[in-house]
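Those protein sequences? They're chains A and B, same order as listed.
Take 1 as the starting number for the first sequence in the numbering used here and just add one per residue.
Take 1 as the starting number for the second sequence in the numbering used here and just add one per residue.
Warning: the hint list may mix true and false statements.
Claimed, not checked - With the Cβ distance kept under 7 Å, some of the chain B side facing chain A (calculated, not the full set): (1) Leu45; (2) His47; (3) Gly48; (4) Phe89; (5) Tyr127; (6) Gly131; (7) Ile133; (8) Gly137; (9) Leu140; (10) Val169; (11) Ser182.
These are calculated hints, taken from the structure and not from any lab test.
Cβ atoms here follow ideal geometry from the backbone N, Cα and C, with glycine treated the same way.
Number of protein chains: 2
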Amino acid sequence: MAETTTATTPEAPDVPEGGVPEREVVDPAAWTCPAPLRDHPTVVLGHGGGGALSAELMEHLFVPAYGNPTLAGLGDSATVTLGGARLAFSTDSYVVRPLFFPGGCIGDLAVNGTVNDLAMSGAQPAYLSCGFILEEGVELSVVGQVAQAVGAAAEAAGVTVATGDTKVVEAGHGDGVYLNTSGIGLIPDGVDIRPQRAVPGDVVIVSGPIGLHGIAVLSLREGLEFGAGELASDTAPLNGLVAAMLGVTRDVHVLRDPTRGGVAATLNEIASASGTGVVLTERDLPVPEAVANACGFLGLDPLYVANEGRLVAVVPRAEADAVLAALRAHPHGRGAAVIGECVAEHPGTVVARTAFGGTRVVDLPLGEQLPRIC
Amino acid sequence: MAETTTATTPEAPDVPEGGVPEREVVDPAAWTCPAPLRDHPTVVLGHGGGGALSAELMEHLFVPAYGNPTLAGLGDSATVTLGGARLAFSTDSYVVRPLFFPGGCIGDLAVNGTVNDLAMSGAQPAYLSCGFILEEGVELSVVGQVAQAVGAAAEAAGVTVATGDTKVVEAGHGDGVYLNTSGIGLIPDGVDIRPQRAVPGDVVIVSGPIGLHGIAVLSLREGLEFGAGELASDTAPLNGLVAAMLGVTRDVHVLRDPTRGGVAATLNEIASASGTGVVLTERDLPVPEAVANACGFLGLDPLYVANEGRLVAVVPRAEADAVLAALRAHPHGRGAAVIGECVAEHPGTVVARTAFGGTRVVDLPLGEQLPRIC
Numbered sequence: 001m002a003e004t005t006t007a008t009t010p011e012a013p014d015v016p017e018g019g020v021p022e023r024e025v026v027d028p029a030a031w032t033c034p035a036p037l038r039d040h041p042t043v044v045l046g047h048g049g050g051g052a053l054s055a056e057l058m059e060h061l062f063v064p065a066y067g068n069p070t071l072a073g074l075g076d077s078a079t080v081t082l083g084g085a086r087l088a089f090s091t092d093s094y095v096v097r098p099l100f101f102p103g104g105c106i107g108d109l110a111v112n113g114t115v116n117d118l119a120m121s122g123a124q125p126a127y128l129s130c131g132f133i134l135e136e137g138v139e140l141s142v143v144g145q146v147a148q149a150v151g152a153a154a155e156a157a158g159v160t161v162a163t164g165d166t167k168v169v170e171a172g173h174g175d176g177v178y179l180n181t182s183g184i185g186l187i188p189d190g191v192d193i194r195p196q197r198a199v200p201g202d203v204v205i206v207s208g209p210i211g212l213h214g215i216a217v218l219s220l221r222e223g224l225e226f227g228a229g230e231l232a233s234d235t236a237p238l239n240g241l242v243a244a245m246l247g248v249t250r251d252v253h254v255l256r257d258p259t260r261g262g263v264a265a266t267l268n269e270i271a272s273a274s275g276t277g278v279v280l281t282e283r284d285l286p287v288p289e290a291v292a293n294a295c296g297f298l299g300l301d302p303l304y305v306a307n308e309g310r311l312v313a314v315v316p317r318a319e320a321d322a323v324l325a326a327l328r329a330h331p332h333g334r335g336a337a338v339i340g341e342c343v344a345e346h347p348g349t350v351v352a353r354t355a356f357g358g359t360r361v362v363d364l365p366l367g368e369q370l371p372r373i374c
Numbered sequence: 001m002a003e004t005t006t007a008t009t010p011e012a013p014d015v016p017e018g019g020v021p022e023r024e025v026v027d028p029a030a031w032t033c034p035a036p037l038r039d040h041p042t043v044v045l046g047h048g049g050g051g052a053l054s055a056e057l058m059e060h061l062f063v064p065a066y067g068n069p070t071l072a073g074l075g076d077s078a079t080v081t082l083g084g085a086r087l088a089f090s091t092d093s094y095v096v097r098p099l100f101f102p103g104g105c106i107g108d109l110a111v112n113g114t115v116n117d118l119a120m121s122g123a124q125p126a127y128l129s130c131g132f133i134l135e136e137g138v139e140l141s142v143v144g145q146v147a148q149a150v151g152a153a154a155e156a157a158g159v160t161v162a163t164g165d166t167k168v169v170e171a172g173h174g175d176g177v178y179l180n181t182s183g184i185g186l187i188p189d190g191v192d193i194r195p196q197r198a199v200p201g202d203v204v205i206v207s208g209p210i211g212l213h214g215i216a217v218l219s220l221r222e223g224l225e226f227g228a229g230e231l232a233s234d235t236a237p238l239n240g241l242v243a244a245m246l247g248v249t250r251d252v253h254v255l256r257d258p259t260r261g262g263v264a265a266t267l268n269e270i271a272s273a274s275g276t277g278v279v280l281t282e283r284d285l286p287v288p289e290a291v292a293n294a295c296g297f298l299g300l301d302p303l304y305v306a307n308e309g310r311l312v313a314v315v316p317r318a319e320a321d322a323v324l325a326a327l328r329a330h331p332h333g334r335g336a337a338v339i340g341e342c343v344a345e346h347p348g349t350v351v352a353r354t355a356f357g358g359t360r361v362v363d364l365p366l367g368e369q370l371p372r373i374c
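One chain only, chain A, in its complex shape (with noise of 0.2 Å):
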């Protein structure tokens, strides 16, 4: 497909000697809404930047085709029910360049990533399915520590590989090791988390330091050095943070992992969705001073950059101090810290209060900063 790559700068459409110009059988402008997409005729790595190219392929395309309007709820997993049971269920392809990078590996991340939705809707996760898509001529030695890491995670994270697939591309087709993982897990009565739940008053809370994931990732992938020591990713289950929050209040209102697009995508959805406003405090946020480095460095926002092993909870102002020390009693959640609140005024909209005492609008990223970090 590399001959289709001109995505924003198409060439004239060629011009039949009738002087009519040539026009596509299947044209993106018959669809449902159009006008978003008509901008990107062809897929750009920005449509899986989780921001907002990727919503629009959701609203305008996804959504439309599949019928299916609850598709459209922003939440980490969907919530079913099948046989009496509520359950998530939830799914992330991975395909994170390079395989491995300090602190795990596509493995581990697919794992995470999967318990991490799953915990999100408060769901105890239970039961994972695991999809290679191997390129031809990886070693087998890679596709098995791949496979030892899904399996180790898997166990840290309490929940049960039940079923896999794999299929081989040929080679240069590939990048060794495209991973899919689907997840199930069961959603305890009486809990209700969803992005719609953000009410004014409400206090905004991050589990730990924020952008380790993204500039570890792109530290190794580029070659950098930013405190080397410092920078690994923060991959790691969330589903025993939740239930440690779960323990001490069941009125959690929303709780999102802030993967692609970074804490920032993930604000803008849960404003987005229960329609408040979200102030952010800038000098609160904890950003370690390696990825502080590398993002000024490289002229990024650790705002919009990949955590994986980190969630943003919103809970009402009177939980806020015991769901806080149940988070730091938690050694993924040791570094927890309150970074904002709701309010009513300008609903849908993400503010930050600067360190210079001004504000600045948060936006929904477009694409991505960092591609293929996940």
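Given the coordinates of chain A, work out where chain B should sit on it, guided by the hints.
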């Protein structure tokens, strides 16, 4: 990874100045039972073929890594219990080339494939996930057509696409669209359908003509023509057919859809899991003339060619007539036929009575005759 394509003819290892050959840090020879894998230090296309190489990868690499012996069960889906509900859970990735072929495309193939894997345990498929790995530069109209096919196939099968994910890889690292579908369904009370349940005396039924999907895709890909009008993929959802069978008897022993590796691989897996012998009668196999012509021309055996809308049923002899009638009364089962029986002789082995009165052993294929047909 194009540089590591020396799958079957690896170059001699570099010998550093010290004179000792370099060795991998991770040594496949150290795995649980390394013998079969040591012959294939890198991934070959056959590892994705659903035959002996796939089985070795499962047995010697994935099962030890995941530490989950139940994964080794040969069913198309896992049976798990969650919140008191008995569920089937399955996953499959799809890398078919080309994306569109007579009778379908990667979108409906992916929906029907997972619907069928769930249905083969007797489950009523309910919810699917759909994960896209898109290649930068692929036209959005192509993605839209695939998504429309996903939606239409889900509607036809009576399932809901509940959750999804989209990743994008750089141009040259994919084939336009790779797709993963996972699914969950509810297994009715009193239904116990699995390969281990075949017993001598059971009758083997196939629900219709075999070999159409594999030959249709191959013909298109290679530009061959064999009675073009007839050659379209059989891709179809089989949950309705399974419901029709269960409507006449709950005592169905085994159901499998003979996809990769064809009817031969499916029957070998049933024979191996149950420890019965299987005897086929070649002249009873419903092989369409166009498939027979193509197989003759290409030196293929229709028993090994993939199907995407057929099932193999193993049922007690007393139920065979009723099951056959129920199949034939359904649009997807009109061509159903008895093709063989389970016997006490040659346990674990599949034998075919040839048209000339002899017999031949029908082996588990090593890899796949036709790579990337699903």
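Now for the hints, and whether the structure bears them out:
1. Leu45: holds (5 Å)
2. His47: holds (5 Å)
3. Gly48: holds (3 Å)
4. Phe89: holds (6 Å)
5. Tyr127: The hint holds - Tyr127/B has a Cβ within 7 Å of chain A, the shortest such distance being about 5 Å.
6. Gly131: holds (4 Å)
7. Ile133: holds (5 Å)
8. Gly137: Since the shortest Cβ distance to chain A is 4 Å, the answer is holds.
9. Leu140: holds (5 Å)
10. Val169: holds (5 Å)
11. Ser182: holds (4 Å)
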